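**Student:** Sequence:
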Amino acid sequence: MAEFRTIIKHGYEEVALWRDQDVGIEAICAIHSTALGPAIGGTRWQPYADRDAAFADVLRLSEAMTLKSSAARLPFGGGKAVVIGDPTDKTEAQLHSYAEFVNEFEGRYLTTTDVGTTTEEIDQLSQWTPHIVGTSPALGGSGDTSALTAVTVLNGIYATLDALDGDPDPAGKTIVVVGVGKVGSRVARSLAEDGARVFVADIRAIAAAALAVEIGANTISVDEAFVVPCDVLSPNALGGVFGEETIPGLQCRAICGGANNQLLRDPEDAGLLAERGILYAPDYVVNSGGVISVAQEVASWTYEQAVHHAEGVFETTREIFEAADRRKITTAQAARDFAMSQIPIAATSRSG
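For the sequence shown, position 169 matches number 175 in our numbering, and the numbering has no gaps at all.
Quick list of in silico lysine to any residue cross-link-like pairs, SDA-like style, CA-CA up to 20 angstroms:
#1 K96 - T135
#2 K96 - D28
#3 K188 - Q52
No lab work stands behind these hints: they were computed from the structure.
No experiment lies behind these values; they were computed from the predicted model shown.
Based on the sequences and whatever the hints tell you, model everything.
**Tutor:** What follows is the structure in structure tokens.
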């Protein structure tokens, strides 16, 4: 018998715990806001150290989804779900039970892929819940979101270079890409084609080496990636990589990448980066391609329309940099202010 339990958390519309001992699954869903529309956010399936770690992650990620959708000027709210478990050891019964959990929110939360879940599994979930986005194209969905996420990350990098040197062209610039998964590999490949001097790093050293050979890049260790001098450091794996232990050793001029929740403590770490003169492109602005891909599916955009919207991240990132400079605040604060300013406008438009 599955147990659904609502947990009260200030600042969130709903946080709920799901436990189904019959199939061995425990999940948490946080709906941060539905002011703009249904809360959209992926399902992250990973072996957290404990429930507290899972709670902390789902709360951070769901709020970030609200900001991401708003900053991308999309009619969605923010939510997230995490499943505490080994992503390589899922069963059909667990997926079915999880779909029942999603159904409990009656469409207020729409889920898709994230770390530890695949498009094939989202297709499976769609058998049992209609509250799914990002299914495969064969089922009418947008499929893999990494292509559009790479577009937004690249446009964030172009805007960052423009802010640094008055020129968005990456040719001749040194850019370190950490994480060569679906997004990072696309970013590194495009930058190399544009003439940048690219370094790649990944905990999977073999994957980094293979990509480096393919695109003519250099390989370094993940530890080296955070201390090598470069124009832009682009983190594209898991978040929480910039904090009081790592920021003092950074030798980059700017940070712009696709990883979520890159700052261990926001706003404190944003302040530390600003004190060091390191330009930070807020992650939820520049990695918004995933939610734009979902918008393509929900709004029936063509792929070309979705790419055009994704390329708008260049101007949004520039606006945020300019606002931070003008108001003498961090880029993280400027991004939050920008995202929050969109919510009443969008909510009013939606209700009218």
